[in-house]
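Residue numbers (the working numbering), protein chains in the order written: chain P, 1 to 280; chain X, 281 to 544; chain D, 545 to 856.
None of these hints come from the bench; they were simulated from the model.
Do not take every clue at face value.
Stated by the list, open to error - Computed far set for chain D versus chain X, every beta-carbon distance over 12 angstroms:
no., residue
1, E629
2, P638
3, P639
4, V657
5, V664
6, G668
7, L671
8, E680
9, L752
10, Y756
11, G790
12, I826
13, K848
As the list claims (entries may be wrong) - Covered stretches of chain X, as calculated for chain D (at least 3 residues, CB under 8 angstroms):
no., region
14, 350-360
15, 483-494
16, 515-526
To be verified - Restraint ranges, calculated between C-beta atoms of paired labels, are given here:
no., chain 1, residue 1, chain 2, residue 2, range
17, X, L365, D, Y756, 51 to 57 angstroms
18, P, A29, D, Y756, 42 to 48 angstroms
19, P, D247, X, R537, 39 to 45 angstroms
As the structure is a computational prediction, the values presented were derived from the model and not from experiment.
Each residue gets a CB set at the ideal place from its N, CA and C atoms; glycine is no exception.
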Amino acid sequence: MGAAQAHQSTDATTGPDSVVVRGVGKRFATKTGDVSALEGIDLTVAAGEFVSLIGPSGCGKSTLLRLIADLDSPTSGTVEVFGKPAARARRDQDYGIAFQQAGLLPWRTVAANIALPLELHGAGAAERKARVAELAELVGLTDFADRHPDQLSGGMQQRVAIARAMAERPRLLLMDEPFGALDEMTRERMQAELARLAAETGAAVVFVTHSIPEAVFLSDRIVVMSPRPGRITDVIETGFGKDAARDESLREAPSFFDRVTAVREALHGTPVPTTGREQR
Amino acid sequence: MSGAAWTPATERRLRVIAPVLVGLAGLALWQFLVSVVGVSDYLLPSPAAIAQQFAEFGPAIWQAALITGPNALIGLVVGTVLAILLAALAARWHAVDGMSAPIVAALAVVPIVALAPVLNSMFGSDSQFGRQAIAALASFVPVFINTLRGLRQTRPVHRDLMRSYAATGTQSFRTVTLPTALPYLLTGVRIASSLAVISALVAEYFGGPRGGLGSAISTSAATSAYARAWAYVVAAIVVGLIFYLATALIERLVLRRIPVGGTQ
Amino acid sequence: MTATLETAPAPAGPVRAKPPRTGRARTLSAWAWGAVGILLIVAIWEVYKFFGPADGVVIGGARILPRTTDLAMPHVWDMIGRLLEPVTRAEGSPPLWASIALAALTTLGIAAVGWLVGVVVGVGLALVMQRWRLVEWGLLPWIILSQTVPLIAFAPIVKSWGSRIEIGGVQWQDWMSVALIASYLAFFPIAVGALRGLQSPDRIHTELMHTYAAGYWPTLLRLRFPASVPFLLPALRLGAANAVIGAVVAEVSTGLQGGIGRLLIQFAGQASGDPAKAWGPIFGAIALGLVAAGSVAMLGLLLKDYRRGEAT
Numbered sequence: 001m002g003a004a005q006a007h008q009s010t011d012a013t014t015g016p017d018s019v020v021v022r023g024v025g026k027r028f029a030t031k032t033g034d035v036s037a038l039e040g041i042d043l044t045v046a047a048g049e050f051v052s053l054i055g056p057s058g059c060g061k062s063t064l065l066r067l068i069a070d071l072d073s074p075t076s077g078t079v080e081v082f083g084k085p086a087a088r089a090r091r092d093q094d095y096g097i098a099f100q101q102a103g104l105l106p107w108r109t110v111a112a113n114i115a116l117p118l119e120l121h122g123a124g125a126a127e128r129k130a131r132v133a134e135l136a137e138l139v140g141l142t143d144f145a146d147r148h149p150d151q152l153s154g155g156m157q158q159r160v161a162i163a164r165a166m167a168e169r170p171r172l173l174l175m176d177e178p179f180g181a182l183d184e185m186t187r188e189r190m191q192a193e194l195a196r197l198a199a200e201t202g203a204a205v206v207f208v209t210h211s212i213p214e215a216v217f218l219s220d221r222i223v224v225m226s227p228r229p230g231r232i233t234d235v236i237e238t239g240f241g242k243d244a245a246r247d248e249s250l251r252e253a254p255s256f257f258d259r260v261t262a263v264r265e266a267l268h269g270t271p272v273p274t275t276g277r278e279q280r
Numbered sequence: 281m282s283g284a285a286w287t288p289a290t291e292r293r294l295r296v297i298a299p300v301l302v303g304l305a306g307l308a309l310w311q312f313l314v315s316v317v318g319v320s321d322y323l324l325p326s327p328a329a330i331a332q333q334f335a336e337f338g339p340a341i342w343q344a345a346l347i348t349g350p351n352a353l354i355g356l357v358v359g360t361v362l363a364i365l366l367a368a369l370a371a372r373w374h375a376v377d378g379m380s381a382p383i384v385a386a387l388a389v390v391p392i393v394a395l396a397p398v399l400n401s402m403f404g405s406d407s408q409f410g411r412q413a414i415a416a417l418a419s420f421v422p423v424f425i426n427t428l429r430g431l432r433q434t435r436p437v438h439r440d441l442m443r444s445y446a447a448t449g450t451q452s453f454r455t456v457t458l459p460t461a462l463p464y465l466l467t468g469v470r471i472a473s474s475l476a477v478i479s480a481l482v483a484e485y486f487g488g489p490r491g492g493l494g495s496a497i498s499t500s501a502a503t504s505a506y507a508r509a510w511a512y513v514v515a516a517i518v519v520g521l522i523f524y525l526a527t528a529l530i531e532r533l534v535l536r537r538i539p540v541g542g543t544q
Numbered sequence: 545m546t547a548t549l550e551t552a553p554a555p556a557g558p559v560r561a562k563p564p565r566t567g568r569a570r571t572l573s574a575w576a577w578g579a580v581g582i583l584l585i586v587a588i589w590e591v592y593k594f595f596g597p598a599d600g601v602v603i604g605g606a607r608i609l610p611r612t613t614d615l616a617m618p619h620v621w622d623m624i625g626r627l628l629e630p631v632t633r634a635e636g637s638p639p640l641w642a643s644i645a646l647a648a649l650t651t652l653g654i655a656a657v658g659w660l661v662g663v664v665v666g667v668g669l670a671l672v673m674q675r676w677r678l679v680e681w682g683l684l685p686w687i688i689l690s691q692t693v694p695l696i697a698f699a700p701i702v703k704s705w706g707s708r709i710e711i712g713g714v715q716w717q718d719w720m721s722v723a724l725i726a727s728y729l730a731f732f733p734i735a736v737g738a739l740r741g742l743q744s745p746d747r748i749h750t751e752l753m754h755t756y757a758a759g760y761w762p763t764l765l766r767l768r769f770p771a772s773v774p775f776l777l778p779a780l781r782l783g784a785a786n787a788v789i790g791a792v793v794a795e796v797s798t799g800l801q802g803g804i805g806r807l808l809i810q811f812a813g814q815a816s817g818d819p820a821k822a823w824g825p826i827f828g829a830i831a832l833g834l835v836a837a838g839s840v841a842m843l844g845l846l847l848k849d850y851r852r853g854e855a856t
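With the rest of the complex left out, here is chain P (with noise of 0.2 angstroms):
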């Protein structure tokens, strides 16, 4: 990408592309018959780049987002993570994931929740100790650390879930829709935290939204979908550069409302007139 690196320079940014998807597709059997939920689909994310996947309810986006967490497997076509297959990516645990709900588990605190992966793989009590706390500094959470998540808000929940996901230090997040049920005024709070913490880290992130400004506002790329069946319709760059404050004054910005409109014409269909869009 540019010659301008992120704060720390980490492997992340540089290296193989973090995910590439080859031609795939995929079909769900029904009781009606069979439907095709993605169709065609090539992809390919670089070392640290961000990544949105947008479209309309059934363009796949989600299906495609598990598909690359090998959460369920493709029926044609291939994808790799970090030059392996998905599964042993995820075997190798390469990746951490959030969720729309945040997934956490009712019964153990925060802490306990942030822990969980270090926990299942084996990590140390004192190793744990020091991570968690790392952590739940990171996403700002140091004092409710030993609440457990009834007692937290909706947006509380999702940095918990988020810390969970960058327990692990992986070079890939996923994240499908993780500030879907929140409110607008934290949900942009939420997106200048994750822009602060993808930038921080240098992971790359592929992330899903059916939001117009999200997208724009996190990421390098966007990638616009249509359903029935599911493909690519559009790839759009957002041309910020990888130095670009993400911060409230980009939300005001002519540059962002130019992308947002390029990006609500992809979804529309509009032909678009020319403003440095790379079509694909």
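The hints should help you fit chains X and D onto chain P, whose structure is shown.
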């Protein structure tokens, strides 16, 4: 919709006062029927007469309870353990589930106590086994049904999470499936507790060794000592209550640590 | 740079035999598995009888597993065969199964009456408790407590009360005592289930009725009753099963002739001479419970539309 304007404090007080008032009213009506209306003591002993018999036969009542109570407890424990094991197998293998579902459904609707006479002849008339077995069978059904339901309540998002961690089957079971199932299990045990007591008691009616609250009730009734029979009945109610409250307390304590609860 | 998946696509969920999808195949499969389960139990019985020690397994003075003699554990085929033989060695004695069937039908009839009374009382109580919260708070704990009272205590009392009652020229029969006791066991699950059902409508539905200025009775008829069906049906089924249990136990404690409770005790008493005979009434009682629950379940078929989202 009545009483919509009560404060939470008033509501709490009323919830306690209402049943107490009803109980006192019932007691008063009972005493009234016996003393004023003059319903014969033979048919309906007065509360006072029952209390007197309770005091007089205290040690005998205690002895009888020491037979029925442990029978019920053994039945409850054995039934619960077997139910948990079978439910775990049924949740894991469809074959086990297919075989056990119709049998458990049948078990839930047939009079289990019908087995009592045959069990007594199989195990000898000096064995408490028949009563314990009946109590175990009676406890088995609600614990099995509720535990199986609980084991199936794992939310899809938690299952996906465990898969994304490449967690082994044991890890998934320990971190997600088991804590989710626990409230349901405890609800089942609570339901089973009073069933175990009643079953152990009723099973005594069908023969077997002397002693036990059920035998005592039937012998007292047979000799027309109705006040004494009711004294034993009061003891039986107390035993049932103790079982119910103990299991309800355990359920409450565990549910406080696990905000997601099971339903009946 | 062609990298294909190293292994075949891994299944996305736990590995498990897939249950059949269509409704008809599912029912058939359920029956088939049930039959396998019963055969398994029979197999366990016979295998233990074959391999087990003659005196059973005794641990610490208490017998854990029964004796394997023919007297204590008759063969399964002996039990079934005995059903076809006459009840007693007397002349013209009917076959065992006929005698048991008759007794079972008698008990079924009595249980049905008890169930009906239980339905009336249970639904009535539920209606009153739903209408006034104070009544619910006052009555419900006592209703729950009532189930800890062993009903065998009532039998002699109900019987002697009954002998003194005459309703409109009809003498109180012995079987009515049994039916009353059966209704005592039946009314509890019905009351609890009906109450939950009547209280089940969402607030948005009750508020909708409120905006239509619908009073208590229209709301009851058009909202609460239909909404209660998914809760009521399992409760009625449980009530039917309980009514059967109550009838059997009450028959034993009142000594009622002609019901299956009496046969259970009677034939068990003769088990030392005729062990297989004692199992006849047990099969009869099992069939009785299944028929009672099954009949109520058929009621459910009529009310299919109201049952979406039923809890079993």
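Does the region 483-494 of chain X contain three or more residues whose Cβ lies closer than 8 angstroms to a Cβ of chain D? Coverage by chain D holds for the region 483-494 of chain X (5 residues, Cβ < 8 angstroms).
Confirm or reject the statement that D/E680 sits farther than 12 angstroms, beta carbon to beta carbon, from all of chain X. D/E680 not clear of chain X: closest Cβ-Cβ about 8 angstroms, inside 12 angstroms.
State whether the coverage of the region 515-526 of chain X by chain D holds or is violated, taking the criterion as 3 or more residues with Cβ-Cβ distances under 8 angstroms. With 5 residues close enough to chain D, the hint holds.
Does D/L752 sit more than 12 angstroms from chain X, CB to CB? holds, 15 angstroms
Please check whether the beta-carbon of D/E629 is more than 12 angstroms away from every beta-carbon in chain X. Non-interface label stands for D/E629: nearest chain X Cβ at 18 angstroms, farther than 12 angstroms.
Reported absence of D/P638 from the contact zone with chain X (all CB gaps over 12 angstroms): holds, 21 angstroms
Verdict on D/Y756 as a residue remote from chain X, using beta-carbon distances over 12 angstroms: At roughly 15 angstroms from the nearest Cβ of chain X, D/Y756 sits farther out than 12 angstroms, so the non-interface label holds.
Could you check that no beta carbon of chain X comes within 12 angstroms of the beta carbon of D/P639? holds, 20 angstroms
Verdict on D/G668 as a residue remote from chain X, using beta-carbon distances over 12 angstroms: holds, 16 angstroms
Beyond 12 angstroms from every chain X Cβ: check whether that's true for D/G790. violated, 9 angstroms
Are there three or more residues in the region 350-360 of chain X whose C-beta lies within less than 8 angstroms of some C-beta in chain D? Violated: only 0 residues of the region 350-360 of chain X have a Cβ under 8 angstroms from chain D.
D/K848 non-interfacial with respect to chain X [C-beta, more than 12 angstroms]: holds, 20 angstroms
In this structure, the earlier hints numbered 8, 11, 12 and 14 are contradicted, and the remaining ones agree with it.
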